[in-house]
Each structure stands twice: as structure tokens, then as C-alpha cells.
Amino acid sequence: MPMSQFLLPDLGEGLEEAQVVQWLVDVGDIVQLNQPICQVETAKALVDIPSPFAGTVRVLHAQPGDMVLVGAPLITIEQPRTSPAPATSDEEHPPVLVGYGAGGPPQTFSRRRRGVDHGGASAVTVTPPPEATAVPGVERESKASPLVRKIAQERGIDLAAIRGTGPGGRIRVEDLESVAGPVAVAAPQPTTTAEDEERISTVGLRKAIAAKMMKSATTIPHFVEYSLFDATNLSALRDRLRGEGGPFAGQRLTFLPFFVRALVAAVQVHPIMNSRWDEEGNAIVVKRSISVGIATDTERGLVVPVIHNAHAMSFGEIAAEIERLVPLARAGKLDVRSMTGGSITITNVGAAGPVDTGAPLINAPEACVVGFGAIKLRPTVVGEQVLARPGAWISIACDHRIVDGATAAQFMGALVSGLENPDSLIQ
Amino acid sequence: MAKALHTHPQAREGDDNSIGSLVDAHGLLTPEAERDAAVSDDQLRELYRMMVICRRLDQEGLNLQRQGELGLWGPYVGHEAAQVGAALAMESTDWIFPYYRDFAMAVCRGIDPGNILTIFRGLTHGAWNPYEYRFAPFIIPVGTQVPHAVGFAVGCKFDHEQTAVLVGFGEGATSTGDWHEAMNFAGVFQAPVVFLCENNQWAISVPVEEQIAGRIVDRAAGYGFPGVRVDGTDVLTVYAVVRAAAQHARQGHGPVLVESVAYRLQAHTTSDDPTRYRTDADLDPWKGSDKDPIERCAERLRQRNAYDDTFAVAVAQEAEERASAMRQTLVAARPPHPESVFDLVFANPPASLMRERDEFTSSLEQGGAE
Ligand SMILES: Cc1ncc(C[n+]2csc(CCOP(=O)(O)OP(=O)(O)O)c2C)c(N)n1
Ligand SMILES: [Mg+2]
Numbered sequence: 001m002p003m004s005q006f007l008l009p010d011l012g013e014g015l016e017e018a019q020v021v022q023w024l025v026d027v028g029d030i031v032q033l034n035q036p037i038c039q040v041e042t043a044k045a046l047v048d049i050p051s052p053f054a055g056t057v058r059v060l061h062a063q064p065g066d067m068v069l070v071g072a073p074l075i076t077i078e079q080p081r082t083s084p085a086p087a088t089s090d091e092e093h094p095p096v097l098v099g100y101g102a103g104g105p106p107q108t109f110s111r112r113r114r115g116v117d118h119g120g121a122s123a124v125t126v127t128p129p130p131e132a133t134a135v136p137g138v139e140r141e142s143k144a145s146p147l148v149r150k151i152a153q154e155r156g157i158d159l160a161a162i163r164g165t166g167p168g169g170r171i172r173v174e175d176l177e178s179v180a181g182p183v184a185v186a187a188p189q190p191t192t193t194a195e196d197e198e199r200i201s202t203v204g205l206r207k208a209i210a211a212k213m214m215k216s217a218t219t220i221p222h223f224v225e226y227s228l229f230d231a232t233n234l235s236a237l238r239d240r241l242r243g244e245g246g247p248f249a250g251q252r253l254t255f256l257p258f259f260v261r262a263l264v265a266a267v268q269v270h271p272i273m274n275s276r277w278d279e280e281g282n283a284i285v286v287k288r289s290i291s292v293g294i295a296t297d298t299e300r301g302l303v304v305p306v307i308h309n310a311h312a313m314s315f316g317e318i319a320a321e322i323e324r325l326v327p328l329a330r331a332g333k334l335d336v337r338s339m340t341g342g343s344i345t346i347t348n349v350g351a352a353g354p355v356d357t358g359a360p361l362i363n364a365p366e367a368c369v370v371g372f373g374a375i376k377l378r379p380t381v382v383g384e385q386v387l388a389r390p391g392a393w394i395s396i397a398c399d400h401r402i403v404d405g406a407t408a409a410q411f412m413g414a415l416v417s418g419l420e421n422p423d424s425l426i427q
Numbered sequence: 001m002a003k004a005l006h007t008h009p010q011a012r013e014g015d016d017n018s019i020g021s022l023v024d025a026h027g028l029l030t031p032e033a034e035r036d037a038a039v040s041d042d043q044l045r046e047l048y049r050m051m052v053i054c055r056r057l058d059q060e061g062l063n064l065q066r067q068g069e070l071g072l073w074g075p076y077v078g079h080e081a082a083q084v085g086a087a088l089a090m091e092s093t094d095w096i097f098p099y100y101r102d103f104a105m106a107v108c109r110g111i112d113p114g115n116i117l118t119i120f121r122g123l124t125h126g127a128w129n130p131y132e133y134r135f136a137p138f139i140i141p142v143g144t145q146v147p148h149a150v151g152f153a154v155g156c157k158f159d160h161e162q163t164a165v166l167v168g169f170g171e172g173a174t175s176t177g178d179w180h181e182a183m184n185f186a187g188v189f190q191a192p193v194v195f196l197c198e199n200n201q202w203a204i205s206v207p208v209e210e211q212i213a214g215r216i217v218d219r220a221a222g223y224g225f226p227g228v229r230v231d232g233t234d235v236l237t238v239y240a241v242v243r244a245a246a247q248h249a250r251q252g253h254g255p256v257l258v259e260s261v262a263y264r265l266q267a268h269t270t271s272d273d274p275t276r277y278r279t280d281a282d283l284d285p286w287k288g289s290d291k292d293p294i295e296r297c298a299e300r301l302r303q304r305n306a307y308d309d310t311f312a313v314a315v316a317q318e319a320e321e322r323a324s325a326m327r328q329t330l331v332a333a334r335p336p337h338p339e340s341v342f343d344l345v346f347a348n349p350p351a352s353l354m355r356e357r358d359e360f361t362s363s364l365e366q367g368g369a370e
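Top line first, the protein sequences correspond to chains A and B.
Under my numbering, the first residue of the first sequence carries the number 1, and numbering increases by one thereafter.
Under my numbering, the first residue of the second sequence carries the number 1, and numbering increases by one thereafter.
If you are wondering where the hints come from, they were derived from the structure by calculation, not from laboratory data.
A portion of the hints provided could be inaccurate.
[To be verified] Reference listing, derived: stretches of chain A covered by chain B, where coverage requires no fewer than 3 residues with Cβ under 8 angstroms from a Cβ of chain B:
1. 168-174
2. 206-215
3. 392-406
[Unchecked claim] Straight-line distance between alpha carbons at most 30 angstroms, and here's what the computed BS3-like set of lysine-lysine pairs gives:
4. A:Lys44 to A:Lys333
5. A:Lys143 to A:Lys207
6. B:Lys291 to A:Lys150
7. A:Lys150 to A:Lys215
8. A:Lys207 to A:Lys376
9. A:Lys44 to B:Lys287
Built from N, CA and C at the ideal position, the CB exists for glycine as well.
Could you build all of it, start to finish, from the sequences and the hints given here?
This is the structure in C-alpha cells:
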């Protein structure tokens, strides 16, 4: 039975990748031609993909949440021998249009692979051998036809270093020959990566993070304020809740749901912290609902699952939602809604290592991100004495276009007060 | 020179309202006009058949794009009545100058849909010989086909041909200078042109109210010829009105503007995400069967006792077969030879171009382009 692999096409014009949102079929399912098989999200739109073949689903090459490069396999379908292979399987059929986006070998970036690419085809330029008619150091625009450019690229020849023999110095196919041997050796040169370097591809999630952080760092005027809070009461409360007979008995119960509740309570007093800067409308847009993003470290990189409408949730509901979302985020199984629509973000900088505090970058376009450091025993002045008490640093980074320092300080005050007197948080 | 060409005083005075009076305030054919048009049951069934086929082909175009077989697809669902009604209203001796969305017009002209698709696969610039089908190439630059059509129509008039020219465009195109120049020229020279505005209320993300102050149809008056606004979801109306307009043009009475009002039910093209600028609620008024060109036509047929399941099933079956045939033709299509870039521009290519071609040919032989 012929196996037909369907490669992700360029679904817009010049797209390089798409994210699998959900599969509408499973391995083993029988599918008809044009039956919707999955939904993917591109930079342009959410798109249903109709099956290009009829047959039995054998492999789903990506999981929901995975980024798939244009040209990488999406699904493998076994076609019944009798069916007139209508689409892309047979060799005679020219390849589907996979766009002109990414160079290098297309692949799916799953969390297993971590996006590490040991030397993609387009990564490195090979310097022409010295005996060629190279003109080192001469910077000029080289004249060459698209064909010549293509061959040069395939062989890693730097056209700027070649003197063309065609009319007006135009580089011809023959000129390439003198640089890199006969044309017949048209196979792409194996690319070389320096021994002590590893190249990590930046498609997929890493690329999205890079773009978002670049935007945050370069377009938002950040300022950060810090405060230490005394976690004695909070620690005691948590111990009580998860202790024997408590409502969370036998459960892990982290500090995160307390942070979320305290944040919601502080935002309710200072709604401006729950806003965004609207570039186009030249306005500040204050959200009525409070949806808290939780910056979560995953194998694939930073993901921010969102607790939607946290203001309408009880402490227990928030705790349960965190327990649901964070594992999904780590498994790369969040649906799109769970990753979007936040209005303010928490980053638990103390969770990943012995970190007291940091100056976080805002999750654009939000107004504010709140970082919580590790809770540990600290020398704390109580009355006239210095005592060892649990405490942690809070850092608040704000968009200075929206919020001034004094507002942030008052917000910090509300936050600290909520965490130091935590009983109200669990009501 | 102009006198003999453009003066038809009686047309300017007498006929201005005759076409407009074919429809009522809702843009629907009046009962009298319907009687006079005498569209037979068979003709109406043919309109229905082509609309069903074309809608299925549109769906398949979208599928093929999603499967990577086409680079781009511009859905025309919602335009079926306008395109099928107008195309079938023209005589085979008439000409049609389409815009990029007029796929159904091309199909009505008998052009193989699978061949048309080679354009959207990037294999051809125009997949048919315009003279063979009297159907000009699809035009992407908004509005430029309108002066082409008018110029061509004036040429027909010079040649004393009994030919009308239909030109299709969206409402967005009416903002272009080309469109106004063409309208003006057509009015002055009494060109035998039917301007068909397929007003689908959107030019990509720009809604019609941000495009035009007032009504498109009223602009015809400014250029000295009649305009008529029709319900673009009723194929019988479009058919009868465009047929009358073409007749008017052929008889030397000058141009007519037909504004067909419907709605773009899908994305502008597969590169567009309409959820960024319109909501599902915007579509609601256009989703009912009273706004569906095919359902409406079926209803008219039922009223005439000219519709039954056997007919409907046969048409649906034919639509399936044609969609499948279109797919097969497309995937069997091969890329053109690289040298064909030198064809089709010059009847007598200049020496410099021939030299380039020779150079290109020899580099292909040496390098192997593929
Ligand atoms: C001269 C020109 N400007 C801009 C574009 C980009 N463009 C393509 S389609 C389109 C909108 C046209 O809308 P309309 O005329 O209403 O036709 P529709 O697509 O709605 O059928 C635009 C702006 C173009 N193709 N040509
Ligand atoms: Mg439009």
C-alpha cells in the first residue's frame, strides 16, 4: 500500500511555518479526500486543512502546539492501491507549492527536539578556493542571473568574489565552474559548522519569544520597583491548608495560587495595572476582567498559559486551574485560547533556581509584570530584633507610558499587604 | 472626428430610464419586466446548474490551496448569481473583461477550470487564448481592466461590430482613477460597455462605507449614462438586467452601469484573515437561504414547477465530477519551459531580447535549470 506524506504547504503568501492547533483525525482513522484533518494557526489565520488523499491515517508528525515548518511532513496517509492517487504522492507529480520561506531542511519543532539544528543547509558560506578568479576584499554588487545565483548558493560560492566574463562583467555559469569544479557536481555541498560551535535554529517557539522580547525591550519604557515581604503568615497558612484535615490535605499546594489571588486583589484596587497601551488608538485600554498569565518554563522555552477571568474565581479554582494549565504547557498541549488573552503576568523567578529577584520584561502589550523570588529564611527586623523569618522579594516592572512610579508603589503596597495578611486571599 | 462616433441624442434622452425601470426598489426584477424577459424554465435551470457547479469548483479551489496545490485562491462564494447571471446574459459574440474573482464567468465561457487554475499555481500568466473565448485575462491590479474594456469596446464600434463588452470589477475598484477615466471615456464615446460592479461590500478589509460616499450606481449619471442597482443574489434579475444592458449597448445606445449588491462570504483570499476586521454577526444577514443565490434560484424554479430532486441530484453529481476533473487537470499540469518568459510580449521581438533569450538558452543547456 502506498504511503503518502503530506508536507505542510505555504498557506498564505510567503509563510514559513504554522502551529498545529488540533487534530481532527487520529492514527488509524479512515479519511476521505478533502475531509478536514487538522486546524493550524499561521501568522495570518486559523486554517482548516482538508486531506489531500483518501486512505488510512498512519502518522501524525506533530502534536498540538508544535510549530511545523513549511515543507515539513504533517501527516502520513496510506492510500488504498485502487484509489487514483489524486494529489501529491506519485513521483511524476511536481512537488506541492511549499512556498519560498525557510531555507534549510524543514522539520517539525517538537519539544523532544528542542529546536537544535546541527548545521542547516543554508547556514554557512563556504569560501571559494584560492586558485579561483577571486577578487578578495572587493565589495561590489555582482551581476548574475537567477540561475547563476541559485547554482552559486547551492555550492556555497560567494558571488561577490568572482569576476564575471559576461557582458558588463555579468557572471556566467562558466565562471562558477572555474571556482568550484564542473557543473555536473551539482549536489549541495555538505555544510561545515565550526567544531566548537553548535547552531540552534530559531524557528518555532524560540523565534516567537525572540520577537516578543525584542518588542518588549525596545518599545516599552520599563521601570522596575522592588520590595521584600514577610512570608511568615503565608507559610503558616499554606501549611495549615495542606496539613491534615485541611482543604488541600495531601496536595502539593504551591505559593503560586496565593500570588495570583494577591495580584488579583491588588489589581482590583489599582485597575490601571491591568491595562495595555494601544499604539494605534493612542490610548490606554483598561481591562475589566483580570486574566493572569503564568510565565512557565518548558523544555521548548517560555510559555505563558493564561488563567482567564481570575477575578471571578475562588482560591481553590485558581489553584486547580494552575494545576491543569502548567502540566499542559510543559507538555506543549495548550490550545490557543489558553495561551492568549492575558491582561497581566506573573513570573515566578524563584521557582527555577536560587534567585531572589530580577527585573522582568513585560509581556507586551500588557502594562505590568510581577516577579516573585524564592521564599526562604531571611534576617528580618521585628520590633528591635533581627529574626530569621521566611520572606521573598517582589519585583514589579511597569510600562512607564501607562503607570508612574507612585502608582506602582501603591500597587506594591497592596500586594505586600495582601501577602502578609493572607487570610483574606482564601475567602 | 468625434461627432459620428459619440452622438446618439435619442439614446441619451429616451433610454435612460428604460433599464432602471426593470427593477423595483429592492433591486429585483418587477413582475412586468420578468414577463417581458420571458426567461424560459430551461434557461433558469441552466443558470441554476452553472451556479451549483461553480460553487463546488470554488470549494475545490479552496481545498487545493490548503493542500499546497495552489499558491493562492480568491473565493467567490456569494458572487455566483452576479457572475453566472452576467456571463450567460452575454452573447457568444460579445466580449468579457473579467477581474481576478470572475472565475465563474470563465467557467461559463467554456474555459477548462483545471486550466484556469494553472494561473493560481503560478504555471501560467493567463491560461487561455482570449480570442478563442472572447474572454480577456484575469486582471489583478485593481481597476486596470476597466479602461481596457472601454478601449476595446470603442474599437468594436470603430469596426461597426455588433459587439457588447462586459467588464467585471469590485466596488473597491470604483475608487481608482482608471475606473473614473474609463467611465468618462465610455460616456463620451458611447462605448458599448456593460460595467458590472460586483459590490461585495469589502475591499479586503475596507468596508464599502469607507470606500464610497453615496451610491455607486448613482455615479453613472455623472458620466451621462444609465445605472441600475440590482439584488446580486437573484440570478434571474442579474441575467435579465445584464442582457437588456448588453442589448442597449449593442444597439448603439451607449454604456450601462449595473451595480450588483451581494456579500463576500469568505476571506478576500487565502492570504487573508477576515476575523481581524469583521465579526460573524456581520455575516448573519447574508447567510439565510433568502440571500443564497442557489437557494433563491431553486425557489424560483419550484414556483415554476421546474425543479425536482432528480434534477437537483443530477446537477450536484455533475458538480462533483467537474470538481474532480478540475483537480486532475491541475495536478497533471506541468511547469512551462523557462524560455517561455520570452514569449507573448512582442509579436516581433527586438534583437536585444533575442540575444538575451539565446544567452539564457545556452546557460540552461550548460547549467540545467532544474
Ligand atoms: C492597483 C492595486 N492596488 C491594490 C491592490 C491590492 N488589492 C488587491 S484586491 C484589493 C481589493 C479590491 O476590492 P474590490 O474591488 O472590492 O474587489 P473584491 O476583491 O472585493 O472582489 C486590493 C486593494 C491591487 N491588486 N491593485
Ligand atoms: Mg469588494
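Hints, one by one, checked against the model:
1. Requiring three or more residues with a Cβ within less than 8 angstroms of a Cβ of chain B, the coverage given for the segment 168-174 of chain A holds, as 3 such residues are present.
2. Three residues within the 8 angstroms Cβ limit are the bar, and the segment 206-215 of chain A against chain B gives 0, so the coverage statement is violated.
3. Only residues whose beta carbon comes within less than 8 angstroms of a beta carbon in chain B count, and the segment 392-406 of chain A has 0; fewer than three means the coverage is violated.
4. Of the pairs offered as hints, the one joining Lys44 (chain A) and Lys333 (chain A) holds, with about 21 angstroms between alpha carbons and a cut-off of 30 angstroms not exceeded.
5. Restraint check for Lys143 (chain A) and Lys207 (chain A): the C-alpha separation of about 33 angstroms exceeds 30 angstroms, so the hint is violated.
6. A threshold of 30 angstroms between alpha carbons decides the hint, and for Lys291 (chain B) with Lys150 (chain A) the separation of about 52 angstroms lies outside it, so the pair is violated.
7. Pair hint Lys150 (chain A) plus Lys215 (chain A) does not hold up; C-alpha atoms about 34 angstroms apart against a cutoff of 30 angstroms.
8. A threshold of 30 angstroms between alpha carbons decides the hint, and for Lys207 (chain A) with Lys376 (chain A) the separation of about 35 angstroms lies outside it, so the pair is violated.
9. Taking the CA atoms of Lys44 (chain A) and Lys287 (chain B), the gap is near 25 angstroms; set against the 30 angstroms cutoff, the hint holds.
In summary, the numbered hints that this structure violates are 2, 3, 5, 6, 7, 8.
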